[in-house]
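Engineer: This is what each chain is made of:
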Amino acid sequence: MHLHVASAYSARYGAAAPRALAARAAELGMRTLALTDRDGLYGAVRHVQACQAAGIAPVLGADLALADPAPHEHAPPGGAQGGSGRRDPGRRVVVLAEGKTGWASLCRLVTAAHAAGERGKPWIDPGMVAERPAGLVVLLGPASDVGRAVAARDRVRATALLEAWRATGAEIVIEIVNHHGQGDGPRAARMLALAREVGVPAVLGNGVRYLEAADHPVAQVLDVARKLVPLHRRHLDDQTGHAYLKSADEMRRSAELAVGPDEAEALLRATQSLSDRCVLDPARDLGMDRAHLPDTGPEPHGQLLARCLQGLRRRGVENRPEYEARLSHELDIIGRKGFASYFLTVADAAALVRDLGIRCAIRGSGAGSLVNYLLGIGDLDPLGHDLVMERFLADSRTGLPDIDLDVESARRLEAYEALFQRFGTDATACVSMMETYRARSAIRDVGGAMGLPPQEIDAIAKAFPHIRARQIRAALTDLPELRRSNLNNAQLGVIFKIAERLDGLPRHIAMHPCGVLLSNPTLRDRTPVEQSAAGFPMSQFDKEDVEAMGLLKLDVIGVRMQSTLAHAVAEIERTTGEQVDLEAVPRDDEPTFEMIRTARTLGCFQIESPGQRELVAKLLPRDLSDLVVDISLFRPGPVGSDMVNPYLDSRHERRRAVYPHPDLEPVLRESQGVVVWHEQVLRVLDVMTGCGLSDAEGMRRRMSSEEGLRKVGTWFRERASARGYDDATVERVWRTLAAFGAFGFCKAHAASFALPTYQSAWLKRHHTAAFFAGVLTHDPGMYPKRVILDDARHFGVPILPLDVNRSSALWQVEDGGIRVALAEVRGISDVEVERIVERRPYASLGDFWRRAHASRPTVERLVLAGGFDALYRDTPVGRRDLLCRVGALDRASSVRPSAGLVTGQLPLGDDLATPEPGMLEDVPLGELPPMAPSEIVEAELDILGMDVSRHVISFYGDLLRALGAVPARELPDREKGEEVLVAGVKVATQTPAVRSGQRVIFATLDDATGPVDLTFFESVQDRCAATVFGSWLLLARGKVHKPGFRAASLTATECWDLAVLDEAWREGGISAVRRLMAGSGPSRGRPIGRRMTYSSGFAVSPYADVGHAGPAVRRPPPARLWHASQGSSGPTSP
Amino acid sequence: MTRVFGDPVEVEVVDGRPAGFAWRGRRYAVRRVLEHWVTTRDWWREREPDADDPGEREYWRVEAAATGEPGVYELRYDTAADAWTLSRLWD
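Chains as they are written, first to last, in our numbering: chain L, 1 to 1134; chain D, 1 to 91.
None of these hints come from the bench; they were simulated from the model. Computed from a prediction, not measured in an experiment: that's the story for all the values here. From the three backbone atoms N, C-alpha and C, an ideal C-beta is built for every residue, glycine too. Take the hints with a grain of salt, since some may be wrong.
[What the hints assert, rightly or not] One-sided and incomplete, this derived list gives chain L residues near chain D with beta-carbon spacing under 8 Å:
hint, residue
1, H180
2, G181
3, H216
4, P217
5, L231
6, H235
7, Q239
8, T240
9, R252
10, E256
11, L257
12, M450
[To be verified] Partial list, derived from the structure: chain D residues whose beta carbon lies under 7 Å from chain L:
hint, residue
13, L34
14, T39
15, T40
16, W44
17, E56
18, W90
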């Protein structure tokens, strides 16, 4: 019966999830419940689903701000005039939808509200309601303009405002609210009197924001977080704690206090009858029962058939019975589902993207469909890779299938624009997503509300890994890096407690990174649309919502690797004229696989992580199918259910492949008897029960829940036994399937990933410099660019320094080397880059200053990073001299115009003729000492984020030699189990899910001879975790581990901050260093956090796969990296 | 004039509303409830706030008299502490 309810989807306002609200309403015996979120319909679909689950009927509306009636009174002096573009966030009305017409009117009203206001600040006025009033019910409560006038005892104005609303043509209803605040009761009584006098119906409302009274502190924190002010009573919208989902009896009591028992009863009845009338039927009114596809012309199925037959010819697989049979099978399913328009639309979209010259690849289960291959949506032959269609589309699946297209990340928005143009702005929109509170964001908002200083808040938030908000206090006791901090005090305790209560609440809306809705012109009747930050029309529904609403969502995913490949191919053509068609490159190139087998795969798609480098070194891939297996095996599931070792043993003939039953050999042969893929689950179920692949897919999907798993198990045992399989076999097979259950991988997905994996490796092997130019430009992987740069050195690609006359916007190939890009310079703008490139060559710094018009900080950074070195080579002029001159040039050019004004003359246009304005001042050149190598590297790290001229670690060579540290390159030569020291720059840390369920920290160091991978088990994290996460340069002790044939890593036991040791060394020599190292203390090996254990025995740490604590490692920290003290320290080779 | 007090008082509650109270040794009978409202506590200002269930403060502005002329009294009830206070009076 509640008609005015905000859920958490009223960002930073509501505190309850739609599901909780619906469940509580049902518990309280209500038949209906409205959801009226602020400023939009963000929670509408979830509310409908929640009501269905709770067995009650949904009502939908929106709580919309009103236009500011007198904007000029509030406008800042000198600000814009006029009444448009402003809103009064405190004055609001609720607009409910009645029936299908009302829903369409409401969607359009919300869209109009967002179009009227500036982004994120929508408003309406009665005129906008009047444009399309059909089926709208406007509730005027205490926050409405009418309510405010009543509160101000301005009866004349209240009546006039009410009349304006009645003139819109929408149904107008007065909403009576008593939150028990001071004066609420008498105001409610006056409001009711007005309604009775003018003959407008009145109902009861409670402006619900949270589930129960005790939740009000959360709402109060949200009030101040929204307004960016500290907690104080005057900032609170909620003063009384009564905005909770009250029962009918509580509502009656509140009303009685204000208007007496008879009116209270009448209000309650009116509320009930209005909400009954506004109930929306999901199918009839919201259209959730069917798909709303773009119009693709008459006879879509006939069109589809014709295009598939063309495709058979084009792909050269005409008259092949297996292809024809598969095609007719797929077309049958598509026909039964009525999805022909869907495929035609997606084919259209993919062709559109490719015609722009944007690389476009299919990913995911869609690669399993022959129709997609024939239509040119994907380039992978599903029959060649033994992929099945049913994983993608089957009779047993409901809803539209999902097709994901990977496009070049750098050109994704270009692809979007083309789609919007082709399908029409009315019929297209992006999909949104709600950013929700997690630990760090919750701590920031609550800390701000409680008035903590910003720097302190920042430090506290960053001390936490990227965990969920509700894990905050558990993490404080679980994680050694936090236990050692001083975050365990009472003051912070309150902040953490409230921060936990914000867990998962929506914080703000954002554009989904890839979803695009393609529909017909009724789209705007089905979803409200607002503008995204990038200026695209964006649905207020997220990806699950749009699916439920029957809207076609195409995922156009920006993939950096695709941009990387495109850049590399373009560089090959620019430098050699050779046109490489990556799709046509033979997929069995032996040198490429040889490189992969030696695990020199940094920068390659999917196979560059430490774990993957270890796996490829063990698996030794020989062809593309092996890469498909490799990518599939490197998942939590296969690792967790120990499928990797049996597979490897059989593959390398250390063990014969074991098949649970001879009938299953054809299904499992490719993966040595191990179940790796979803597709194999389907086939196993089909072989042993004869159920057909479509039903098998239905069963597989049910296996993801514990209950479904049990039911499918019973069904499987019965059917398999009935077909004559013996009990032992049936049990054995079922155990494998069950263990695999939720974790398997879609082979079609792995196969579509294997292609760019191979393509990137092929480029790295055969067009190495172009490959590195691509990787450095588009940064597709997990490592900081400086690691890629070092890898390029190891591959013999010279790194050419920054040069204002040679560097271009992006990384380019030059004489077999790669030239540092201008875009790497910190703070440089696109315009500056463009101008620098356009106006070169430059003869001198002065010439550059006059013609390139870059800002002084940019020019200084270019100087410090060596951008002018080439111009002054063989002269005594060093970077320090040039830096001095930049200052002189700046002073000279800023002084002259004003000097001109002083003498009353216009500045003359002869600046360009002045040979060297810097010379006007007495700046002697060549007298300042040149920068030391350490200072040069420091400047490079600061400005470019990478050490270009030499490796950072080279400055610690003496110390490392004194300690006997082992270079990464030599690690494989050491004995297994030998204890060694290694050192390097930290380039990655991960805490992935591992079989034991421990939180294991994997860290990768880079010491100029290659990467070293370190493993820190829980037993040593007490003393190591804080150092690993908090330091950039590390020294570690550990035992050599040899997992593969050539690979070696370190099982670490201790680690230190190398910069700290270096300082001790400079002050007290090696003995001081050893003293420091001896003091690292014991480590009690206690388990970290409570593991979640799955039925397969696979355990997961609650801290697996979360971003680590502390700052990001992609750029070096801003502090000085080492002491360049007392005339010391040229580089020493390690 | 308004006078502000913070004296604890004993309040007799009938049907969920105050019917009388004892203050400074005298008994006052409530004749009429003039206004009733609630506020949440300023939990964030407390030294060890209980943010889980901070409770509320209930205010009753009543017309009451011991003997003779009635005055207006404001009674405050703190749900968490289960305690009444005479917060203000007008006489």
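Engineer: The structure should be examined with respect to each hint, and the outcome stated for every one.
Structural biologist: We went through each hint and held it up to the structure:
no.	hint	in the structure
1	H180	5 Å, holds
2	G181	6 Å, holds
3	H216	6 Å, holds
4	P217	5 Å, holds
5	L231	4 Å, holds
6	H235	11 Å, violated
7	Q239	6 Å, holds
8	T240	5 Å, holds
9	R252	14 Å, violated
10	E256	11 Å, violated
11	L257	7 Å, holds
12	M450	6 Å, holds
13	L34	10 Å, violated
14	T39	6 Å, holds
15	T40	4 Å, holds
16	W44	4 Å, holds
17	E56	5 Å, holds
18	W90	16 Å, violated
In summary, the numbered hints that this structure violates are 6, 9, 10, 13, 18.
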